[in-house]
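Colleague: Each chain is listed here by its residues.
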Amino acid sequence: MTQHLGMPRQASWAEDAVREAEAEGPHIGAEHRSREQQVLDRIDRARARRPRVKEPRITLAHGAGGKATHNLIDAIFLEAFRNPELEQMSDAASLQVGQARLAFTTDSYVVSPLFFPGGDIGDLAVNGTVNDLAMSGARPLVISAGFILEEGFPTEDLRRIVASMAAAATAAGVQIVTGDTKVVQRGKGDGCYINTAGIGVRERPIELNAANARPGDAILVSGPIGDHGITVMLARGELDISADIVSDTAPLHDLAATLLDAVDGVRMMRDATRGGVATILNEVAVASQAAVVLDEAAVPVRPEVMGASELLGIDPLYVACEGRFVAIVDGAQATPALEALRSHPLGAGSAIIGRVVEDPPGLVLLKTTFGGTRIVDMLVGDPLPRIC
Amino acid sequence: MRFVDEFRDAGKARMLSTRIAGLCEPGRRYKFMEVCGGHTHTIYKHGLEDYLPETVSLVHGPGCPVCVIPMGRLDDAIAIAEQPDVIMTTFGDMMRVPGGRGSFYDANAAGADIRMVYSPLDSLKIARANPDKRVVFMAIGFETTAPSTAMTVLRAAAEGLENFSVFCNHVTIIPAIKAILDSPDLRLDGFIGPGHVSAVIGCRPYEFISREHRKPLVCAGFEPLDILQSVHMLMTQLAEGRAEVENQYARVVPYNGNPKALKVIGETMRLRPHFEWRGLGFIAQSALQLNERYERFDAEKIFAVPGVRVADPKACQCGEVLKGVLKPWECKVFGTACTPETPIGTCMVSSEGACAAYYNFGRFTRDRVKEATRA
Chain A
1 MTQHLGMPRQ ASWAEDAVRE AEAEGPHIGA EHRSREQQVL DRIDRARARR PRVKEPRITL
61 AHGAGGKATH NLIDAIFLEA FRNPELEQMS DAASLQVGQA RLAFTTDSYV VSPLFFPGGD
121 IGDLAVNGTV NDLAMSGARP LVISAGFILE EGFPTEDLRR IVASMAAAAT AAGVQIVTGD
181 TKVVQRGKGD GCYINTAGIG VRERPIELNA ANARPGDAIL VSGPIGDHGI TVMLARGELD
241 ISADIVSDTA PLHDLAATLL DAVDGVRMMR DATRGGVATI LNEVAVASQA AVVLDEAAVP
301 VRPEVMGASE LLGIDPLYVA CEGRFVAIVD GAQATPALEA LRSHPLGAGS AIIGRVVEDP
361 PGLVLLKTTF GGTRIVDMLV GDPLPRIC
Chain B
1001 MRFVDEFRDA GKARMLSTRI AGLCEPGRRY KFMEVCGGHT HTIYKHGLED YLPETVSLVH
1061 GPGCPVCVIP MGRLDDAIAI AEQPDVIMTT FGDMMRVPGG RGSFYDANAA GADIRMVYSP
1121 LDSLKIARAN PDKRVVFMAI GFETTAPSTA MTVLRAAAEG LENFSVFCNH VTIIPAIKAI
1181 LDSPDLRLDG FIGPGHVSAV IGCRPYEFIS REHRKPLVCA GFEPLDILQS VHMLMTQLAE
1241 GRAEVENQYA RVVPYNGNPK ALKVIGETMR LRPHFEWRGL GFIAQSALQL NERYERFDAE
1301 KIFAVPGVRV ADPKACQCGE VLKGVLKPWE CKVFGTACTP ETPIGTCMVS SEGACAAYYN
1361 FGRFTRDRVK EATRA
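From first to last, the protein sequence lines stand for chains A and B. Quick note on the numbering used here: the first sequence kicks off at 1 and runs consecutively. Quick note on the numbering used here: the second sequence kicks off at 1001 and runs consecutively.
Treat each hint with caution, since some may be false.
For lysine to aspartate or glutamate, the following EDC-like pairs were computed, each having C-alpha atoms within a straight-line distance of at most 16 angstroms [stated by the list, open to error]:
1) B:K1332 to A:D377
2) B:K1314 to B:E1330
3) B:K1314 to A:E22
4) B:K1133 to B:D1113
Derived by calculation from the structure, the hints in this document are not laboratory data. Note that the structure is predicted; figures quoted are calculated from it, not measured.
For reference, chain A alone in the conformation it holds in the complex (with noise of 0.2 angstroms):
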């Protein structure tokens, strides 16, 4: 029998973060706010602070797309690479070049498994590109493909996964003008993974921007949320549970352009992927230091999605599409836009989930079904399965 017995040892790195944080001090003007109010708004401090990686090693859940993955983007590589390019931190660059104006992207897939209802490794890697792309109101033109092959992978799978990003490139209307090819030993990856990047020219002379985003606009999603994340991991097969789901991945870039050729009050679109509709609402919020207010009976959500989620304890706004986006729209153009995008085979779906407001300023708030209030924050639970 264990015996906890004599002095408890001391947990060091626990009151060190301790003492950190009372070193920030009490607020000046504390005493005209109620206690609670004071104690969110400390909460407000230390979330402003500048993220720092604490941890010695890389975990899981610096690649799961929530506060762990911010910290490291923002703590090391912009650190390092800082320029005000990167520090839009948008999907894909703007790039001047002469007259032209360009977007640049890159995107790595690593899913597991390769292969699942409604697509595969192939065009995840083709559409993701192209969505980033898209979202920035550009026109896809080219992509790369970089893929790293374990030894003994087999020829056939290849031969399977590579004809399904020509098809995809195809339908996306971009060539795949490059490439590379490297092959680790047995053990040192999962079969295949694939990198991609791509450029676009952006031919509208306007900035998509989640900081553009102001009280009063409305918040659309272009299609039912959470089919991807949903159909990968029960591919996983390691749930014993199955639905009728297939994975949304799709090339965006056509139904953006509809909707961007429909009305000129679109603040900014973003492909709901890693991290779901919550996370990029979060960011918005953050960016615009306005308050996004979600009602979660607007919100579309497939049955089987519904139903898998809540067997799996997971909120399907935090699950991937790789065929959706939100667009922040003017408020008063919210209807022509929701006509643009359902009048498109990939928009049939799209629904108007909420608006944004003035206050609190950063929060992301959902409305129940129930008829109560809640906050959506930035994903920091456990990472989910490889998805993308």
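Got chain A; can you put chain B on it based on the hints?
Modeller: Using the frame of chain A, we list chain B on its own:
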């Protein structure tokens, strides 16, 4: 969604809300403890407090299984996971819980192999697939999850699976409720009883609460209307001067419990003389370990476990939060040194922990939000 929507009907919620308000005596404040972390999660996830009058408050109790595990036990688990050829399995909630030397994630990053499973039986699959490894399931939870651990041990014994063991941290709910009732700094008007635990142990074990302490308890389900209805039942008892054990969750909870589940626990486990609870200290006969018949599956017998206590940081007030004496935001380190991404206390980790629920879902004051969400 079928089978769920009917328990989330806003119209019915408004009706119950009006009835609850009608039962409030002028000038009286009501304090009910929801014992179970699952209830805490539901309350915040659906914004249920918006339906309660300001004079009725819910206090979050000690029933979050992750929250009550002391740091020392985590260090013990990591020490086992660091042994050669060990694969440790546990529920996802445990992965980020900080011990004295970091969390399971940190242990994995340093070379351990700790995996998330959805059911203890998945550990057996891993054990069968890896005959040259030693698979240790870190079992946590109240009577809710103890039967599935017990079943897993019985299955392993039947299969003769010798490379599987359990690091048992199962705790029992009644001693924790007793500790709360004996605590002098908390005055409660009644309890919302834990639904899942009660599905195993039934309602009878709570009868001492009404008999000896003259407090009502209502066993409640986990949908928001379940909880609202339970509050209504508690308020009705108080208005009528009753203090009884009632069962709101009869669709799942048999008053006398689940004899099969109790039988497998009895077959495989016995009470420990004492067990340390995070924030509550040592509580006699409050936890389970494998009994002599199955001790060959007991990881504490197989591996050398350091068994060193780790003190909670002095500023961490998990104990007060677990006992319901403090609201999460009243803790000195809440939201500053202790956040969901770098938790100090366990209450900040699990989705069932009171601090995590408040931080993630309720971190605002009511008046500002009413303004923001006005249609």
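Colleague: Let me make sure I understand: some of the numbered hints might not hold for this structure. Which ones are they, in numerical order?
Modeller: Hint 1 alone not satisfied by this model.
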